[in-house]
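**Q** The primary structure of each chain is shown beneath.
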Amino acid sequence: AQTVTQSQPEMSVQEAETVTLSCTYDTSESDYYLFWYKQPPSRQMILVIRQEAYKQQNATENRFSVNFQKAAKSFSLKISDSQLGDAAMYFCAYILQGGSEKLVFGKGTKLTVNP
Amino acid sequence: NAGVTQTPKFRVLKTGQSMTLLCAQDMNHEYMYWYRQDPGMGLRLIHYSVGEGTTAKGEVPDGYNVSRLKKQNFLLGLESAAPSQTSVYFCASRWRTYTGELFFGEGSRLTVL
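Protein chains in written order, with the numbering used here: chain H, 1 to 115; chain E, 1001 to 1113.
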């Protein structure tokens, strides 16, 4: 079965510090996309960052970056210069490229940002 | 551009009542999904559709039915609500050929007493 594991149910970070959220996944396929979604208290799911599995270069979006280790099936999210607005649930997810319908989600990591 | 719109946003039902959640998207997406979100469980796929007139079961389909009569709409029905169906429901959609990114609605909180 294709699965996504987020081993940290909760994390906390001090404002302006850096935090890394872990994600591992299990698939036998070689072509897929990986995502991190953010869900603030408003409930709206917001795409934070996307990574194509065929790209070796790690994706970055402003203060958000990933460490993609394809062989290890690891896809961690690093948040630099954490802000109070970063407090949210973060979900890791992946979808197979081409022909697959379903996005598989992890169970989420709740991030608290302390002032 | 409204994106993905879910109605209603909140609903309280009694056990055994029926209801329908409506999802509408204006992005001409082929694929549409219904997820439920429960504490500690992440998002679990209920049903999905890969095009108008098609539906398929996801991970937790029991107790739910869906219909996709129009490309832009995806309906989720509960024929006889149970307390175990108390949850937050999310609709999402995406293009068939692209990077796979899902666009989500704002969620609908359903409470079954």
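The set of hints was computed from the structure by calculation and includes no laboratory data.
You may find that some hints are simply not true.
Partner residues are not named here, just some residues of chain E that face chain H (Cβ under 7 Å, in silico) [what the hints assert, rightly or not]:
#1 1010
#2 1013
#3 1015
#4 1019
#5 1038
#6 1042
#7 1043
#8 1051
#9 1095
#10 1106
#11 1107
These numbers were taken from a predicted model, which means no experiment stands behind them.
Where a beta carbon is used, it is the ideal one built from N, C-alpha and C, also for glycine.
**Q** Of all the hints given earlier, name the ones this structure violates by number, lowest first.
**A** Violated: hints 1, 2, 3, 4, 5, 8 and 9.
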